Amino acid sequence: MQALYAQLLVGLINGSFYALLSLGLAVIFGMLNIINFAHGAVYMMGAFCAYFLLNIAGLGYWWALIIAPIVVGIFGMILERTMLQWLSGLDHVYGLLLTFGIALIIQGIFQNYFGSSGLPYQIPDALRGGMNLGFMFLPVYRGWVVVFSLVVCLATWFLIEKTQLGAYLRAATENPTLVRAFGINVPRMITLTYGLGVGLAALAGVLSAPINQVRPLMGADLIIVVFAVVVIGGMGSIMGSIITGFALGVIEGLTKYFYPEASNTVVFVLMVLVLLVKPTGLTGRAA
Amino acid sequence: MPELKMAEAPAAKPADAKVLAVQDLQAWYGESHILHGINFHVNAGEVVTLLGRNGAGKTTTLKSVMGIIGKRSGSIRFENQEIIRASSDRIARKGIAFCPEERGIFASLDVRENLLLPPTVRPGGLSLDQIFDLFPNLKERLSSQGTKLSGGEQQMLAIARILRTGARFLMLDEPTEGLAPVIIQQIGHTIARLKSEGFTILLVEQNFRFASTVADRYYIVEHGKVIDGFANSELSANMDKLHTYLGV
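Residue numbers (this note's numbering), protein chains in the order written: chain U, -12 to 274; chain E, 510 to 757.
Just so you know, these hints were derived from the structure itself, not from any lab. Any given hint could be a false lead.
[Said to hold, decoys possible] Cβ-to-Cβ under 10 Å is the rule here; a few derived chain U residues that face chain E:
{"no.": "1", "residue": "103"}
{"no.": "2", "residue": "106"}
{"no.": "3", "residue": "158"}
{"no.": "4", "residue": "170"}
Keep in mind the model is a prediction, meaning the values are calculated, not measured. Positions of the beta carbon are idealized from the N, C-alpha and C atoms, including for glycine.
Kindly produce the complete structure, drawing on both the sequences and the hints.
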């Protein structure tokens, strides 16, 4: 039973990263109509940003949680202003190819300087150790990642579904021309939205640094699974991305316990099934 | 056709009477040239109607004024400022509000969110109470999804939400299209009331009978040009011409 709980916890942690990443992908896709293949690269940049902050500026984990998403978010906004904005109105495939190329360039640069092996990042003092819950041992940092990710996901959901700013965003996703004709600066909103999605990925990168080490290809490995999660959940719904992200993490964890051989493929098997039965995804709206 | 001559006349009249003055407006959708030199103006407090057949360029004229059409040339002066090169969000901020033909109610927003969506651009917009006074139906449906409303309610919502913003110049694109007579009447009353409260309204209509109940002046648009114009008082004298223009 201990092993089952341990795998469930691993599943929830992976699910946290899936949720944070697929949430950002869904928001970006809604607003920019771009399938952001650079998402894994900016996730990695978030982790590296935390590493640099610690080793160059002496700023620890808590600072990184705030600074890294902002810095990487600004980097994303520059990408959007200088490159992505020119793709609006074109077929999805252009955005996909451009962001894929950007991802390869960013990862190549980091690999050139840091190789492929991982750089260590320590768990902050306040989150070290563990708790004995009676039925299992819970490392504090892992519990923190799950709870904090959930809070960030729900806050993002609240921002988009329940506030005036979110109403602008949802309306602009449907009909950007009309929203602009009401006096809202839609191009600026698009830039900020890309920054928000990229910032969420960078935040996930910081959270993952103490668990998975900091590696140039950490995002490239993860993003393939995240895209499968997005396909299963559907692009259209914020809450759908969050729930699907966590659920698939847990399903992966359970598979690791009951049939470990399938744990790396179970998400893709589910993706194929969903594509056959409901191509728009479980919670997706038809395009 | 006094309107067409006005374009060449020196600006001797007090300029502030004209809220909107459009001169030699040309517009393109991609490669196709839609407007070939539109000339007209709207005075403060007037209801002016653009009449014409389907595809004549009436909607494109409104969209050009709003800055939604990508490629346009000529002159559009709003409150004496040239806006032909401004982006649509800046045009809206100057006090022009647009109610599109397809109404543009957002499906992912409820009625309240739809109503509160357009930001205030000037002080002096209608309060929510005044809006519910004009459109009592909306008050009962505030938490419904926007597109679950009936066609008439959606049209009321589309008009209501631009009244909140403080814009005093409204452009309504075929507000009666596809609606029941009793709803058309209600929209007619609304336009009359807005006019009496000092709003300036530019209307596009196919429904000439409806337009004649609210309009002060008319312009006829054909093949992307304004080919005629007259006041409501000259309407009966122009009836034959009008039937030819509109083919009714």
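List, from low to high, the hint numbers that the structure doesn't satisfy. Numbers 1 and 2, in rising order.
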